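Next come the chains, spelled out residue by residue.
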Amino acid sequence: MGEESKVVLHGMWSSPFVKRVELAMKIKGIPFEYVEEELSNKSPLILKYNPVHKKVPILVHNGKPVCESLLILEYIDETWPSGPQLLPKDPYQRAKVRFWAAYIQQLLTSMARLFNDGKEAQGKALEEVHEKLRNLEDGVKEFYFPEGSISPDHVLAEKLGILDIMMSATLGPFKAHEEAFNVKILDPEKNPLIFSWVQALIQLPVVKQTAPPHDKYLGLLQFLKQSGFKF
Amino acid sequence: MDNEVKLHGFWPSPFVYRVIWALKLKGIEYDYIEEDLANKSELLLRYNPVYKKVPVLVHAGKPISESLVILEYIEEVWPHSPLLPKDPYERSVARFWINFATDKGRSAVRSLFWGGGDGKKEAAEQMFDFLKIIEEQALGDKKFFGGNSINMVDLIFAWFACWIQPMEQLVGIKVLEPSRLPSLHAWVKNFKEEPIIKENLPDPERLLAYYTRLTSNLVSKPT
Chain X
1 MGEESKVVLH GMWSSPFVKR VELAMKIKGI PFEYVEEELS NKSPLILKYN
51 PVHKKVPILV HNGKPVCESL LILEYIDETW PSGPQLLPKD PYQRAKVRFW
101 AAYIQQLLTS MARLFNDGKE AQGKALEEVH EKLRNLEDGV KEFYFPEGSI
151 SPDHVLAEKL GILDIMMSAT LGPFKAHEEA FNVKILDPEK NPLIFSWVQA
201 LIQLPVVKQT APPHDKYLGL LQFLKQSGFK F
Chain E
1 MDNEVKLHGF WPSPFVYRVI WALKLKGIEY DYIEEDLANK SELLLRYNPV
51 YKKVPVLVHA GKPISESLVI LEYIEEVWPH SPLLPKDPYE RSVARFWINF
101 ATDKGRSAVR SLFWGGGDGK KEAAEQMFDF LKIIEEQALG DKKFFGGNSI
151 NMVDLIFAWF ACWIQPMEQL VGIKVLEPSR LPSLHAWVKN FKEEPIIKEN
201 LPDPERLLAY YTRLTSNLVS KPT
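Chains as they are written, first to last, in full-length UniProt numbering: chain X, 1 to 231; chain E, 1 to 223.
Think of the hints as simulated: they come from the structure by calculation, not from any bench.
Hints are not guaranteed to be accurate.
Said to hold, decoys possible - Derived lysine-lysine pairs resembling DSSO-like cross-links, with alpha carbons at most 27 Å apart:
id, chain 1, residue 1, chain 2, residue 2
1, E, Lys104, E, Lys189
2, E, Lys40, X, Lys141
3, E, Lys6, E, Lys53
4, X, Lys48, E, Lys86
5, X, Lys6, E, Lys86
6, E, Lys192, X, Lys89
7, X, Lys141, X, Lys89
8, E, Lys189, X, Lys64
9, E, Lys132, X, Lys48
10, E, Lys104, X, Lys55
11, E, Lys192, E, Lys86
12, E, Lys143, E, Lys120
13, E, Lys86, X, Lys28
14, X, Lys89, E, Lys26
15, E, Lys120, X, Lys230
16, E, Lys104, X, Lys124
17, E, Lys142, X, Lys48
18, E, Lys86, X, Lys141
19, X, Lys159, X, Lys28
20, X, Lys132, E, Lys104
21, X, Lys184, X, Lys216
22, E, Lys104, X, Lys64
23, X, Lys48, E, Lys104
24, X, Lys132, E, Lys132
25, X, Lys184, X, Lys208
Here the structure is a predicted model, which means the values were calculated and not measured.
Construct the entire structure; sequences and hints are all you get.
Have a look at this one:
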C-alpha cells in the first residue's frame with residue numbers, strides 16, 4: 001500500500017504570507033496539518049526546513065520543504081492538479097496572473113511601510129499604497145473583470161485563483177490596518193472594483209474561517225506600532 | 001504577424017539579456033527593438049504602463065512585462081530545451097534560488113555599488129555572505145546551477161558572471177575572489193564559455209564606460 005500524502009504547513013496566525021497558503025490548501029480541498037510557529041523562538045524544524053530565511057510559511061510535503069508563499073502556491077497547483085485551478089491554463093493569462101500577483105506583493109510591502117515613523121514617512125507610505133491601488137484597479141479591470149464589475153458568480157469558492165487569494169490575504173484585514181494607523185486605505189469611490197472585490201471575498205466562508213480574528217489582529221498591529229517595529 | 005516575437009530591450013540590462021538567452025537557447029526567432037530609456041517609445045509606455053521598463057516581450061501582439069514572468073511564459077509556450085525541471089519539487093527549489101537572487105542579491109548589489117562610501121566594507125562582507133550561500137547551497141559541486149546544462153537559475157545569476165566585473169573595477173573592491181569563492185568563480189568561466197551565451201555577452205568595456213557615466217552623474221548630483 002502506498003504512503004499517503006502527508007502535508008504539514010508551518011505558519012503563524014497573523015502572517016498574510018501564511019494565509020495565502022492556508023487559503024490555497026482549503027480551496028483545493030487538500031488535507032493538511034497546521035503547526036503554529038513562534039517567530040521569536042524559532043523551532044529547530046524551521047531552521048532545518050528553511051535555513052536561508054528561517055521564515056514561515058513552509059509547506060512540508062512528504063518530508064520535503066517548499067518555502068516562499070508564491071512558490072508554494074505554484075507548487076500546490078502543479079502537484080494537485082484536480083480541483084479549482086489556482087492559475088489559468090493559457091500561458092498568456094498565467095503571465096498576467098503572475099504579473100499582478102507580484103504587484104499585490106508590492107502593495108503589501110508598501111502597506112508595511114505604514115509602520116514608518118513620523119507623519120512625513122507615513123504620508124509617503126500611504127501615497128504609495130494609494131498609487132498601487134490605482135494601478136491595480138486599472139490593471140485588474142482590463143484583465144480580471146472585463147464587465148467592469150464583480151458578478152456574483154465570479155467570486156465563488158470553487159473558482160478562486162491566486163489573485164483572489166492574494167487579495168484576501170493582503171487586503172482582507174484592511175479595516176484593522178485603517179484603525180491601527182488611522183488612515184483610509186480602501187475607498188469605495190476611488191477603488192470601486194477593488195473595494196467590491198474585497199467585500200465579496202471576505203464574505204466567503206473559506207476566507208472568513210482563515211482570516212485572523214479582527215480584534216486580535218488589530219491588537220497586534222497596535223502593539224507593533226507602539227514598539228517601534230519596522231518591517 | 002500571427003506568431004511574431006518582439007523584444008523591447010536596452011543593451012546594458014542584465015534583465016533583458018536573460019530573455020535574449022532564453023529565446024536563443026530555445027532557437028526562437030525574434031525582432032529586437034532597442035529602447036532609449038531616456039526617451040521611451042510610445043509602444044513601450046503602452047505595453048508596460050505600470051513600470052515603463054524593459055524587457056517587454058510581445059508575442060503575437062500581446063505584451064508581457066517583468067523578466068521572471070517573461071521567462072516562465074517562454075518556458076510554457078516553447079517547452080523544448082527546458083529551462084526548469086519537470087518535477088514540481090525541483091521546480092520549487094529552482095524558483096527559490098531565483099527569488100533569492102532577485103531579493104537578497106539585488107539589495108546586496110545596491111548597498112555595495114550604489115551605497116555611500118562609509119559602509120563599503122560592511123556591504124562587501126554582506127555581498128560575500130550572500131555569494132557564499134549561493135556557492136554552498138545553490139551551486140554545490142555542480143557545473144551549472146541547472147546541473148550539467150544551463151537552466152533559468154544560471155540565467156538569473158548571470159549578473160555575477162558579466163556585470164559584477166565592471167562594478168568591482170568602479171568601486172575598487174573585488175568580491176568574486178577565486179580563493180574565497182572557488183566554485184562560483186569556476187561557474188563564471190563555464191557560463192561564459194557556453195556556446196550560445198558566448199556569442200551573446202555584453203561588451204565589458206562598454207559596460208564599464210556606461211556604469212562610470214552613471215555613477216559620476218550620481219556623485220555630481222547635489223545632496
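Okay, the hints, checked on the actual structure:
no.	hint	result
1	Lys104/E / Lys189/E	holds (23 Å)
2	Lys40/E / Lys141/X	holds (25 Å)
3	Lys6/E / Lys53/E	holds (15 Å)
4	Lys48/X / Lys86/E	holds (25 Å)
5	Lys6/X / Lys86/E	holds (21 Å)
6	Lys192/E / Lys89/X	violated (35 Å)
7	Lys141/X / Lys89/X	holds (20 Å)
8	Lys189/E / Lys64/X	violated (33 Å)
9	Lys132/E / Lys48/X	holds (18 Å)
10	Lys104/E / Lys55/X	holds (14 Å)
11	Lys192/E / Lys86/E	holds (25 Å)
12	Lys143/E / Lys120/E	violated (31 Å)
13	Lys86/E / Lys28/X	holds (22 Å)
14	Lys89/X / Lys26/E	holds (22 Å)
15	Lys120/E / Lys230/X	holds (24 Å)
16	Lys104/E / Lys124/X	holds (24 Å)
17	Lys142/E / Lys48/X	holds (22 Å)
18	Lys86/E / Lys141/X	violated (34 Å)
19	Lys159/X / Lys28/X	holds (10 Å)
20	Lys132/X / Lys104/E	holds (23 Å)
21	Lys184/X / Lys216/X	holds (20 Å)
22	Lys104/E / Lys64/X	holds (23 Å)
23	Lys48/X / Lys104/E	holds (20 Å)
24	Lys132/X / Lys132/E	violated (35 Å)
25	Lys184/X / Lys208/X	holds (22 Å)
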